[in-house]
Amino acid sequence: KQEVTQIPAALSVPEGENLVLNCSFTDSAIYNLQWFRQDPGKGLTSLLLIQSSQREQTSGRLNASLDKSSGRSTLYIAASQPGDSATYLCAVSPQTGANNLFFGTGTRLTVIP
Amino acid sequence: DAGVIQSPRHEVTEMGQEVTLRCKPISGHNSLFWYRQTMMRGLELLIYFNNNVPIDDSGMPEDRFSAKMPNASFSTLKIQPSEPRDSAVYFCASSFHSDNEQFFGPGTRLTVL
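Chains G and R, in that order, are what the protein sequence lines are.
Numbering of the first sequence is given in the numbering used here, commencing with residue -3 and proceeding in unit increments.
Numbering of the second sequence is given in the numbering used here, commencing with residue 477 and proceeding in unit increments.
Take the hints with a grain of salt, since some may be wrong.
When the alpha-carbon atoms are kept at most 25 Å apart in a straight line, the in silico DSS-like pairs for lysine-lysine are as follows [said to hold, decoys possible]:
id, chain 1, residue 1, chain 2, residue 2
1, R, 500, R, 544
2, R, 554, R, 544
3, R, 500, G, 38
4, G, 38, R, 554
5, R, 500, R, 554
6, G, -3, G, 64
Residues from chain R that keep clear of chain G, each with C-beta distances beyond 10 Å, as calculated [as the list claims (entries may be wrong)]:
id, residue
7, 490
8, 503
9, 540
10, 541
11, 542
12, 547
13, 576
14, 578
Here's a subset of chain G near chain R, in silico, CB distances under 10 Å, partners left out [as the list claims (entries may be wrong)]:
id, residue
15, 37
16, 38
17, 98
18, 100
Source of the hints: derived by calculation from the structure; they are not laboratory data.
Note that the Cβ used here is the ideal one computed from N, Cα and C, for glycine as well.
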């Protein structure tokens, strides 16, 4: 069974700092990888989707990379802002094309003003 | 588009009662997913549908849980009888099958006393 791990579990940084969140998965046979943001008491917001054939995706201050062979992905956030404070989740979809997602446990980010 | 709609947003019930959670996916999406989120286990897939047909219900914890999708715009998740350990946030998500990016609803916070 696919296992998804996110390190660290929690991270606090001062405003303006660049930061990297890590995601690793045990089975490299994935269809795609998706990064989400979850605010307290809210649902999940999709941030970036990387297909298995891609190396990275960018959206504004966010950049996600994927190294499928090593089972790793990173989410890079540039010039962090207090509004970036949330829990960030990564999820992978199996290569069979079935579109169920396996989620990591998340990294809780706090950006200090 | 209004996004994925879930109701109710909060539900408090007593052990043994029947609980029905509702979901309206994004119009045009043909895949629908039910997830459960708890502190202990994180986000877990319960069941998903493609074109209104249940594809994988292996995540449904027990026979007390059932899900239906009578048409492309509506799905229900029913728990009968409910137990305190069912307390969690239940999310519904939808996607285009080929695109696979999932969009989540705001969730239903269920408390079983």
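These are the hints, each one checked on the structure:
1. Restraint check for residue 500(R) and residue 544(R): the C-alpha separation of about 12 Å stays at or below 25 Å, so the hint holds.
2. For the proposed pair residue 554(R) and residue 544(R), the alpha carbon gap of about 9 Å is at most 25 Å, so the pair holds.
3. Under the criterion of a C-alpha separation no larger than 25 Å, the hint pairing residue 500(R) with residue 38(G) is consistent with the structure, at around 17 Å.
4. Proposed proximity of residue 38(G) and residue 554(R) is supported: the alpha carbons are some 22 Å apart, at most 25 Å.
5. Taken as a hint, the residue 500(R) and residue 554(R) pair is honoured in the structure, with Cα atoms around 15 Å apart against an allowance of 25 Å.
6. Distance check on the hinted pair: residue -3(G) and residue 64(G) sit about 17 Å apart at the alpha-carbon level, within 25 Å; holds.
7. Its beta-carbon lying about 23 Å from the closest one in chain G, residue 490(R) satisfies the requirement of being farther than 10 Å from that chain.
8. With a cut of 10 Å on Cβ distances, residue 503(R) stays outside the contact zone with chain G, its closest approach being about 17 Å.
9. Remark: the non-interface label on residue 540(R) is consistent with the geometry, its nearest Cβ contact in chain G lying 21 Å away (cut-off 10 Å).
10. For residue 541(R), the condition that its CB be more than 10 Å from all CB atoms of chain G holds, with the nearest at approximately 16 Å.
11. For residue 542(R), the condition that its CB be more than 10 Å from all CB atoms of chain G holds, with the nearest at approximately 18 Å.
12. The beta carbon of residue 547(R) sits about 20 Å from the closest Cβ of chain G, which is more than 10 Å, so the claim that it is off the interface holds.
13. With a least beta-carbon separation of about 5 Å from chain G, residue 576(R) fails to lie farther than 10 Å from that chain, contradicting its non-interface assignment.
14. A beta-carbon of chain G comes within 10 Å of the beta-carbon of residue 578(R); the shortest separation is about 6 Å.
15. Using the Cβ-Cβ criterion of 10 Å, the hint placing residue 37(G) at the interface with chain R is satisfied: the shortest such distance is roughly 8 Å.
16. Because the smallest distance between the Cβ of residue 38(G) and any Cβ of chain R comes to about 6 Å, under 10 Å, the interface hint for this residue holds.
17. The restraint placing residue 98(G) at the interface with chain R holds, with a minimum CB-CB distance near 8 Å, inside the 10 Å limit.
18. Because the beta carbon of residue 100(G) sits about 8 Å from the nearest beta carbon in chain R, less than 10 Å, this interface hint is met.
Checked against the numbered hints given earlier, the structure breaks hints 13 and 14 and satisfies all the rest.
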